[in-house]
Every structure is written in C-alpha cells, then in structure tokens.
Amino acid sequence: DAKTTQPPSMDCAEGRAANLPCNHSTISGNEYVYWYRQIHSQGPQYIIHGLKNNETNEMASLIITEDRKSSTLILPHATLRDTAVYYCIVRVEPARQLTFGSGTQLTVLP
Amino acid sequence: GAVVSQHPSWVICKSGTSVKIECRSLDFQATTMFWYRQFPKQSLMLMATSNEGSKATYEQGVEKDKFLINHASLTLSTLTVTSAHPEDSSFYICSARAGLAGPYEQYFGPGTRLTVT
Numbered sequence: 001d002a003k004t005t006q007p008p009s010m011d012c013a014e015g016r017a018a019n020l021p022c023n024h025s026t027i028s029g030n031e032y033v034y035w036y037r038q039i040h041s042q043g044p045q046y047i048i049h050g051l052k053n054n055e056t057n058e059m060a061s062l063i064i065t066e067d068r069k070s071s072t073l074i075l076p077h078a079t080l081r082d083t084a085v086y087y088c089i090v091r092v093e094p095a096r097q098l099t100f101g102s103g104t105q106l107t108v109l110p
Numbered sequence: 111g112a113v114v115s116q117h118p119s120w121v122i123c124k125s126g127t128s129v130k131i132e133c134r135s136l137d138f139q140a141t142t143m144f145w146y147r148q149f150p151k152q153s154l155m156l157m158a159t160s161n162e163g164s165k166a167t168y169e170q171g172v173e174k175d176k177f178l179i180n181h182a183s184l185t186l187s188t189l190t191v192t193s194a195h196p197e198d199s200s201f202y203i204c205s206a207r208a209g210l211a212g213p214y215e216q217y218f219g220p221g222t223r224l225t226v227t
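Chains A and B, in that order, are what the protein sequence lines are.
Under my numbering, the letters of the first sequence match residues 1 to 110, in that order.
Under my numbering, the letters of the second sequence match residues 111 to 227, in that order.
Next up, chain B with everything else stripped away, as it sits in the complex (with noise of 0.2 Å):
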C-alpha cells in the first residue's frame, strides 16, 4: 500500500522556537495533504488542508499565522510551528490523498510528537 512518511517522529523544544514537520508520500503523488492534531486521550482534529501549490485551509479556530504549511511539491507538505509554547504539545499526524480513485485515498502518516518545554 501506499506510504506516508513524517520526520521527525517526535522533538523536544523550548517555548518560544519553532518546529518544523515534513510529511512526504513515498510512492504516490499527493494532489492534497491533511494535517491533524491528536491531544492524550482525544481523537484527531483536524486542522488543515493544503493542495499542492495553493494556499492552505484552516479550520475553524486554528491559527495560520502560527501553523505554517506549505505544500510545494506532490511528495512533501510541511508543518511549521511558529512561536511553540507548551499548549502547542500534541500529536501531529499527516494524510496524504492521491486525487480522486480508490478506496485507499486516504493515507496517514506515523505522526509527530512534539514536547515543548
């Protein structure tokens, strides 16, 4: 099946840095990429979506301005976190679709813990 890929797996850093998350399909072309955000014992909300080469959507209450992504080629989204202070401490979890067909089109990743101190 299709893979997902996030790097890092998880990182440690100190409040007031920033925190950058690569997600990248391994072996398809991803037309659009999902980014979620998992808290302890709560299930995934979702945050954005970003098509290659536009701008991201936000969801209803997520800061753009504070978590960047970009998606600038059909293997690879990245999410920034800028400014990351210990609320911003979860899960971060990427899926990537490849367009339109199958029932697979959506994949996720491994996810990303972030801890910040």
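Extracted from the complex, chain A is given alone in its bound form (with noise of 0.2 Å):
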C-alpha cells in the first residue's frame, strides 16, 4: 500500500472549514484513500473514502487531485467534538487491512 504524509498537528476554529491534507505520491491507480479519524481513547471511525472522484457525506468532503497523488479532507463547519487525530490511509480496495500512520491531530479551538 501507498505511503501517506500528514501534518502532524493542525488547529481550527469552531465553525470555520477544517481543510487537513494528505500526500500520497506513490498511490497506484487501484488504491483507495480512506480517511478515520480517532477520538482519544476510542476506537477509530470511519469517514470516508475514495478513488479518483471528489466524495461528499454527511460528515465530510474529499477531494482527491487530479493526478491522485494528493488529497484534502473537508470537515465543513467544525465542531469541538471534531478534536481528534484524522488517519488518511491508501489501500487496494476491499482485501487489505487497515495500516496506520501518524495521522494529524486536529484541535478545534472555541
């Protein structure tokens, strides 16, 4: 799998766009970008994920660059409850367990 890199600390204000970004220069075309995120000490939760096209939910934007190689996760209007580290992870869809990185940890300031 891809390997990914993360800022690793970034902070944000309540209700502003939280924009936290990804590279990941060496994903191959049949790798996915998933992003979790993990409050402390909880268990990690899933986001989103995608392949080549921009990815809406209702937690959260992806947009992936043209050439893959880099992405940005979009949390709208951020919460405090958004604290947490945000894992970006590049997989070959479905088989593969997930492998952690460092991850970025987002502090949502009041």
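Among these hints, one or two may not hold up.
As the list claims (entries may be wrong) - No farther apart than 25 Å at their CA atoms in a straight line, the calculated lysine to aspartate or glutamate pairs in the DMTMM-like style are these:
no.: 1; chain 1: B; residue 1: LYS151; chain 2: A; residue 2: ASP82
no.: 2; chain 1: A; residue 1: LYS3; chain 2: B; residue 2: GLU169
no.: 3; chain 1: B; residue 1: LYS151; chain 2: A; residue 2: ASP11
no.: 4; chain 1: B; residue 1: LYS124; chain 2: B; residue 2: GLU197
These are computed hints drawn from the structure, not numbers from a lab.
The structure displayed is predicted, hence computed values, not measured ones.
Taking the hints as your guide, dock the two standalone chains into a single complex.
Written out as structure tokens, the structure reads:
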C-alpha cells in the first residue's frame, strides 16, 4: 500500500472549515484513499473514502487531485467534538487490512 | 452502522497473570477480525489478523505464544495476554470485517485499556 504523509498537527476555529491535507505521491491506480479519525481513548471511526472522484457524505468531503497524488479532507463546520487524530490511509480495496500512519492531530478551538 | 463491542473497557492486572479481552460484532458476521495495539501518543499497530475457524496470522515482532487469539465464531474473537508484564500495558483495539462488500467493511471496537502493575 502507498505511504501517506500528513502534518502532525493543525488548529481550526470552531464553526470554520477544517482542511486536512494528505500526500500519497506513490499511490497506484487501484488504491483507494480512506479517512478515519480517532477521538482520544476511543476506537477509530470511518469518515469517508474515494478512488478518484470527489466524495461527500454527512460528515465530510474528500477532494482528490487529478493526479491522485494528494487529497484533502474537509470538515465544513468544525465543532469541538471534531477534535481528534485524523488518519489518511491508502489501500487496495477491499482485501487489505488498514495500516495506520501517525495522522494529524486536529484541535478545534472555541 | 455496524457495531463492534469490546469487553472489558479497562482492566488492571498484576504482573504474571493472564488477561482475556473479548471482541464481538453485534449486528453482523465478521469473517475477519484484527487486533491492534496502541501505546500512548503513538499510532495503532496491527498485531494479528484472524479468520473464523483458522489460526491467527501475527505481524512480525508479535509473540504468538504471548498474545493468544481465538476466533471461534463469526461474532466473537478473543485476545489473551498471557503472563502479562508492565510493558504490555497498552490500549488494545479490535476491528471486524464483514467480508468483502461495502465501503465500511472494517469496523472498530471502542478499545480496552490494559494496565499491568
């Protein structure tokens, strides 16, 4: 599976959009981009995933660049409860297990 | 969405004793279950993968005789930490997969915090 690079930490003001970047420059054509988050002392929670098209669900939007070498997770209106570590994971759908990197600690500030 | 439970949510045990952690898929059948370990301020590390009715496959560096995994049914997997030592203190998280269908196919439990004194 392709390796991902994320900033270690980010802050965001409550009510504003949080944009979390992820680089995956070695991604191959059949690899999906997944986003999970982990609130302190809880199990990871699925957020969204995509292959090459932008995706949106009730939690977030996923923007994947045309060359697929990077992506951005957007939380449109961040709340304090969105404070968590966000993991960007690239893997071949669906057989492989999820391998977690170091993620981005997002802190939403009041 | 699919729910995975773990029991206990936290446990304290004395060094040298064994501890069993249960992972259950509550509303789906899990063909594959994964066990992860997470030390403070670190990411999740995969320990082993188990398929129902088969022996678990352990990641490199994980002692299979120390971390016994049983996946006897499609809804239950157990992790037993044998002869626990303080360095085994960690957050253990299980994950279950319901086959190969759907984007959510890997669901995570809430985790079990183990403290060995």
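Results of checking the hints against the structure:
no.: 1; hint: LYS151/B <-> ASP82/A; in the structure: holds, 18 Å
no.: 2; hint: LYS3/A <-> GLU169/B; in the structure: holds, 18 Å
no.: 3; hint: LYS151/B <-> ASP11/A; in the structure: holds, 18 Å
no.: 4; hint: LYS124/B <-> GLU197/B; in the structure: holds, 12 Å
Checked against the numbered hints given earlier, this structure breaks none of them.
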